[in-house]
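Visitor: Residue numbers (this note's numbering), protein chains in the order written: chain Z, 1 to 344; chain R, 345 to 671; chain S, 672 to 995.
Keep in mind the hints are simulated off the structure, nothing from the lab. One thing to keep in mind: the hints can contain errors.
Simulated restraints on C-beta separations [claimed, not checked]:
| hint | chain 1 | residue 1 | chain 2 | residue 2 | range |
| --- | --- | --- | --- | --- | --- |
| 1 | S | S817 | Z | A332 | 48 to 56 Å |
| 2 | Z | L58 | S | L732 | 48 to 56 Å |
| 3 | R | L518 | S | E799 | 57 to 65 Å |
| 4 | Z | K142 | S | N751 | 53 to 61 Å |
| 5 | S | D781 | Z | Y18 | 17 to 25 Å |
| 6 | R | A405 | Z | P147 | 21 to 29 Å |
Once the Cα atoms are required to be at most 16 Å apart in a straight line, the calculated EDC-like pairs of lysine to aspartate or glutamate come out as [as the list claims (entries may be wrong)]:
| hint | chain 1 | residue 1 | chain 2 | residue 2 |
| --- | --- | --- | --- | --- |
| 7 | Z | K271 | S | D891 |
| 8 | Z | K68 | Z | E3 |
| 9 | Z | K9 | Z | D79 |
| 10 | S | K935 | Z | E200 |
| 11 | S | K755 | R | E619 |
| 12 | Z | K250 | S | D930 |
| 13 | Z | K271 | S | D746 |
| 14 | Z | K271 | S | E710 |
| 15 | S | K685 | S | D746 |
| 16 | S | K756 | R | D573 |
The C-beta atom is built at its ideal place from N, Cα and C for all residues, glycine as well.
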Amino acid sequence: MSEKILEVKNLEVSFRTYAGISHAVRGVDFYLNRGETLAIVGESGCGKTVTSKAIMGLLPESNTEIRKGEGSAILFHGDNLLDYNEKQMSQIRGSKISMIFQDPMTSLNPTMKIGDQIMESILIHQDISKAEARNQALEMLKLVKIPNAEERMKQYPFEFSGGMRQRAMIAVALACKPEILIADEPTTALDVTIQAQIMELIGSLQKELKMAVILVTHDLGVVASVADRIQVMYAGKIVERGVVDEIFYKPSHPYTRALLNSVPKIHTNNKETLYSLKGTPPDLINPPAGCSFAPRCEYGMMVCRKRYPDITRFSDSQECSCWLYHPKADTAGLPEDMIRRRAR
Amino acid sequence: MPKGRSKRGEQKMSENVNMNIEDISLTDDLFRRVGTEGLSGEEIGKKSLTYWADVWRRFRANRLALFGMFLLIAVVLLLFVGPLLSGQDYQYIDSSIKNQSPSSEHWFGTDDMGRDLFTRVCVGGRISIYIGLCCTLVMFVIGALAGALAGLKGGLVDDIIMRICEFIGNLPYLIIVVILSMVMGRSLFSLVFAMSLTAWVGTARMVRGQILQIKEQDYVQAAKALGADTRRIIIKHLLPNTLGIIMVDITMSVPGFIFSEAFLSYIGLGVKPPETSWGALASAGQQQLMFYPYQLFFPCLLIVLTILSFHLIGDGLSDALDPKLRQ
Amino acid sequence: MAERQVLIEVKDLKKYFKVGKNAVLKAVDGVNFKIYKGETLGLVGESGCGKTTCGKTVMGLYEATGGQVIFDGTDIHSLNRREKKEFTKRAQIIFQDPYSSLNPRMTVGDIIGEGIDIHGLCHGKEREEKIHELLELVGLNREHASRFPHEFSGGQRQRIGIARALAIEPEFIVCDEPISALDVSIQAQVVNLLIELQQKKNLTYLFIAHDLSMVKHISDRVGVMYLGNMVEFASSDELYAEPLHPYTTALMSAIPIPDPDAEKEKKRIPIEGEIPSPINPKPGCRFAARCRYATDQCRQETPELAEVKPDHFVACHRTMELNK
Numbered sequence: 001m002s003e004k005i006l007e008v009k010n011l012e013v014s015f016r017t018y019a020g021i022s023h024a025v026r027g028v029d030f031y032l033n034r035g036e037t038l039a040i041v042g043e044s045g046c047g048k049t050v051t052s053k054a055i056m057g058l059l060p061e062s063n064t065e066i067r068k069g070e071g072s073a074i075l076f077h078g079d080n081l082l083d084y085n086e087k088q089m090s091q092i093r094g095s096k097i098s099m100i101f102q103d104p105m106t107s108l109n110p111t112m113k114i115g116d117q118i119m120e121s122i123l124i125h126q127d128i129s130k131a132e133a134r135n136q137a138l139e140m141l142k143l144v145k146i147p148n149a150e151e152r153m154k155q156y157p158f159e160f161s162g163g164m165r166q167r168a169m170i171a172v173a174l175a176c177k178p179e180i181l182i183a184d185e186p187t188t189a190l191d192v193t194i195q196a197q198i199m200e201l202i203g204s205l206q207k208e209l210k211m212a213v214i215l216v217t218h219d220l221g222v223v224a225s226v227a228d229r230i231q232v233m234y235a236g237k238i239v240e241r242g243v244v245d246e247i248f249y250k251p252s253h254p255y256t257r258a259l260l261n262s263v264p265k266i267h268t269n270n271k272e273t274l275y276s277l278k279g280t281p282p283d284l285i286n287p288p289a290g291c292s293f294a295p296r297c298e299y300g301m302m303v304c305r306k307r308y309p310d311i312t313r314f315s316d317s318q319e320c321s322c323w324l325y326h327p328k329a330d331t332a333g334l335p336e337d338m339i340r341r342r343a344r
Numbered sequence: 345m346p347k348g349r350s351k352r353g354e355q356k357m358s359e360n361v362n363m364n365i366e367d368i369s370l371t372d373d374l375f376r377r378v379g380t381e382g383l384s385g386e387e388i389g390k391k392s393l394t395y396w397a398d399v400w401r402r403f404r405a406n407r408l409a410l411f412g413m414f415l416l417i418a419v420v421l422l423l424f425v426g427p428l429l430s431g432q433d434y435q436y437i438d439s440s441i442k443n444q445s446p447s448s449e450h451w452f453g454t455d456d457m458g459r460d461l462f463t464r465v466c467v468g469g470r471i472s473i474y475i476g477l478c479c480t481l482v483m484f485v486i487g488a489l490a491g492a493l494a495g496l497k498g499g500l501v502d503d504i505i506m507r508i509c510e511f512i513g514n515l516p517y518l519i520i521v522v523i524l525s526m527v528m529g530r531s532l533f534s535l536v537f538a539m540s541l542t543a544w545v546g547t548a549r550m551v552r553g554q555i556l557q558i559k560e561q562d563y564v565q566a567a568k569a570l571g572a573d574t575r576r577i578i579i580k581h582l583l584p585n586t587l588g589i590i591m592v593d594i595t596m597s598v599p600g601f602i603f604s605e606a607f608l609s610y611i612g613l614g615v616k617p618p619e620t621s622w623g624a625l626a627s628a629g630q631q632q633l634m635f636y637p638y639q640l641f642f643p644c645l646l647i648v649l650t651i652l653s654f655h656l657i658g659d660g661l662s663d664a665l666d667p668k669l670r671q
Numbered sequence: 672m673a674e675r676q677v678l679i680e681v682k683d684l685k686k687y688f689k690v691g692k693n694a695v696l697k698a699v700d701g702v703n704f705k706i707y708k709g710e711t712l713g714l715v716g717e718s719g720c721g722k723t724t725c726g727k728t729v730m731g732l733y734e735a736t737g738g739q740v741i742f743d744g745t746d747i748h749s750l751n752r753r754e755k756k757e758f759t760k761r762a763q764i765i766f767q768d769p770y771s772s773l774n775p776r777m778t779v780g781d782i783i784g785e786g787i788d789i790h791g792l793c794h795g796k797e798r799e800e801k802i803h804e805l806l807e808l809v810g811l812n813r814e815h816a817s818r819f820p821h822e823f824s825g826g827q828r829q830r831i832g833i834a835r836a837l838a839i840e841p842e843f844i845v846c847d848e849p850i851s852a853l854d855v856s857i858q859a860q861v862v863n864l865l866i867e868l869q870q871k872k873n874l875t876y877l878f879i880a881h882d883l884s885m886v887k888h889i890s891d892r893v894g895v896m897y898l899g900n901m902v903e904f905a906s907s908d909e910l911y912a913e914p915l916h917p918y919t920t921a922l923m924s925a926i927p928i929p930d931p932d933a934e935k936e937k938k939r940i941p942i943e944g945e946i947p948s949p950i951n952p953k954p955g956c957r958f959a960a961r962c963r964y965a966t967d968q969c970r971q972e973t974p975e976l977a978e979v980k981p982d983h984f985v986a987c988h989r990t991m992e993l994n995k
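So here's chain Z without its partners, still in its complex pose (with noise of 0.2 Å):
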C-alpha cells in the first residue's frame, strides 16, 4: 500500500525584489508517496527549484516570504514543516530529508577530505562514535560506486572527477539514510554518459534504501526510464499532472505536449523545423491575469487571458488545468488526441 510521507498544500512563495514582488510558487499542491518517484518538470523560473529548497527550508530568510495558514502546509509525517524552527529543521534536513543539486562543486567543501564530509553529516545526526561513523561513510562510498573508496575518503573535491564529485555528493545526501531524496537537476551538468552512470545509480539506490525521491529537471527525456509520477510545472503553477505513461503517451495540456515535442528524436530528419516553444517564460513579479502559458500557446483563446482555468480530471491519476477541456472551447485546428480526450 502506498502512504503518503510528504503532502504539500497551496504552497505559496514570493521573493521581495527592487522592481516588486515576485510570485515564484504559486499555489502548489502534491504528495508524495513512500519509496516513489516524483519527477517536477519546467522551464527555469518555473518555481521547481524554490519549490524543492521551500520543502528543505533552504530558501534565504531575508527576502522570502511563504504564506502559513489558510491551508497551506507541508506535511511531513502529518508535521508541518512550516512551523518548524530552524533548528528543528536542520534535524530533518540531513537525515530525514536530503538534496542534491546541480553543480556538486558548490554543494561540496573544497576544503575537506570527502571522507571527513560525509562523516560529518553522519555524526551530526546520529550518536555514535568516530570509528562507526568512519565504517559507515566507506559503506557509503561503496555504495555509490566510487571505486578505491578507501583512499578516496582521504582526498579532497578538486581530485575527483565531474562524474566522481556527483556520487561523492550523492554520498554525504544519503549518509544517513533519508526518507526522500530531493534531486534538483543532478545530471544538467553532466555528460550523456555520465549523466546514464549517476540517473542508474539513483535507481539502485532508491531500491536498496527504499526512498521516495523528488526529481527536478527541465529535460522531460530524463524522466522517461526513472519516474513514476510526473508533474509539470509553468509560472509557479502545475499545469497538469499523471503517472508517466499518461504524461508520455496522452499529454493533455499545450505545454506539456510542447515540452515533449521540442526534444529532437532520432527518427525526425535532418533540418527538418523542429516544434519549438515561442518566446520565453513570464515575469512572475507581474505575471499575466489568466492562464500564464497563454502569450505562448497557439490554441490560446480570448477566455484564458482573463481567467485562469480549472482543473479537468481525465483518469484517477492525471488532470490538468486548461480552457481547452471546457465544453464551450474552439476545437478547430485542435489535434486528434486533444479532441477525442475532450469527448470522455
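Following the hints, position chains R and S against chain Z.
Guide: For chains R and S alone, kept in the frame of chain Z given last:
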C-alpha cells in the same frame, strides 16, 4: 523558514490569488480562438536599470552606508565652511589666551600658543584629506596601469612587473619615508610621493587579478573574434568591468592614507609648521594630554569620524557591487 | 553529385597547452576535416575531448601548435593584423554560456552593434536600423536594444549572441555548444533559428555540442572526438544508422529517449569510468582504457582514421571484426 512576514507582502500576495476568482461570465465569445495574437511572449516586465543605477539603488538601501556618506559630506562641509563661521585665523598667535577650554568664542578651545583650535582642526583636516586623495589618485593611476599591463600582456611583461611589485612591497616602508623626507625635504609633495611609492603594489596586484579573470570571459573572446583591437577591448570591456572593484579599493584606501599621514605627522615626519594636519594637531595635543585633554580629543574625533565614514561607504559599495547579493 | 566548394580545410591541427613542467595537455592532437560551403559540420564528444578548443583554434582565437586551418585558400594562422581583421568579417563564433558571453555593462544594442562599429560598416540612423533589424531577425523586439543583458533569460541571451555574430554578415559561424546551457524547450528555438538563418543566408556552420540528438538534427556530417582525436567521421544519417566505433555506439546508447516504453526496452551499452586526463596521454588508442574490446594492439598502436565505407571514417583497429 521566514518568521516575520510584512503585512504589505501578504496583502499583495492575496490580491494576486484573488484576481482569478473575480467572476467573469463564460460567454461563447470568450472561447474565440486568438492564439498568441497581440502577445509576443518576449515581454520584460521589470523596468530597465543601468548598472550604476542598480548599484546606487542597492547602496541607498543600505542605511549604514548612507549614514557614512552623509557623515563624510558633513565633515567635508565643516572643514571648508568652519573657518568662515568661527572668523578666526588658524595661524594667529595670541599668547594672552593660551590653552583655553572650549567656549562660545573658541569652540574647541585654544592651543599652547593661543591659536583657535577649531579653525586649526578645520584647516588641518583639509590637508589630511587632500593628502589622502592625492595618494589614492597616484596609487590608483600607477597601480591600475601596471596591473592592467601585467594582466593583459602576460609573459615577460607580467613577470617583470610582478617582480618589481614584490621588490617594492618588501621594502620597509618607514625607512623609505625617513630617507625620502631627508633627501627631498619635508614637504607635502615628498610626503605624498613617499606614501604612494609603496601603496600602488596592492592595487596593481588586484587589478591584474581582475583583468586575468575577465580576459577569459567569453565576451572578451567574442570581441576579439569580431576583430576588436586591444585598445577597444580595454576601454569597452576590461575597464568598465573592473571599475566597481577599483572603486571599493579607492574608498577603502583614502582612510588608510589619512591614518598614515596622521601617524607620520605624529612621529614628526609629516607636514612642516606652520602648516598643520590632524596628525600634527594630535601630536601637539598629546603633549598637553594631562592638563588639556580636549586638545587631543578634537583632532582625534575628526580623524575617527572621517575614517569611519569612508569605511562605511566602502562596505556599502562592495555589498552593492557584489552580484551575489543582488535581489 | 556536383563537386562542392571547400570553405575550410583543417590539416593535422594540433593545439597543446603547457600545464606545468613536463606536462603537456594535448587538447587537439592531429585532427583533419573539410567543411564545404553551405553545410553544417557537427563535432561531438564529452567535455574535455577538445571539441571546443578545436573550434576556437579554427576561429584563430587560439594559436595552433601545429597544422593548418585553410580558409578559402589561405592559412588563417599566417595572416597579418589587417588580414586577420578582414577574416573576422567572414567568420564568427557563438558561445556556450549565454551569461558570460555578453558584456554586462553594455546595452544589447551596443553588444549587437559592436561588430558594425569595429568594421565601420555603418553609422548613426543606419546603424540603429540595422540593429533593430537584427533583433527582429532573432525574434526579439526593437525596444530591447536599450536594455542590459541581465534582464534577459538564457534563451533570449543566446539569440542576442547570434544577432551579434550575424551583424557583420559572416559566411562561416562556429557554434560552440550554443544550446548546452539552455532548457530543452528553448534549445529547439535556437536550433530552428540557426537552421532558418543558414537557409536564408547560405551560412556554413561548425556545430559543436555534446548532445548527439541535436547534432544529428542540424548537421550534414558529424565527427566524433575523443581526447583530442577524431575517432569517427561520417554523414549524420549514416553515423546514427550505423555507428562503427565502440565509443560512438556507447555514446548513442546513452541518449535518453523521451518514451518510457522504448527506454525500458533499450539496452544501454555501459561505458566504464570517465574520460581520462588529456595531460601526457599514453600511446595507443586513447579510448583503450574504457573500451571493452581493447586488445594489446589497441594499447600500443594509435589507430589511423581509415575510410571503411564510402565517406565513413573510423579510427579503430577492430572495426572490421566487430562490425561483421
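Visitor: Can you list which hints this structure breaks, lowest number first?
Guide: 1, 2, 6, 8, 11 and 13
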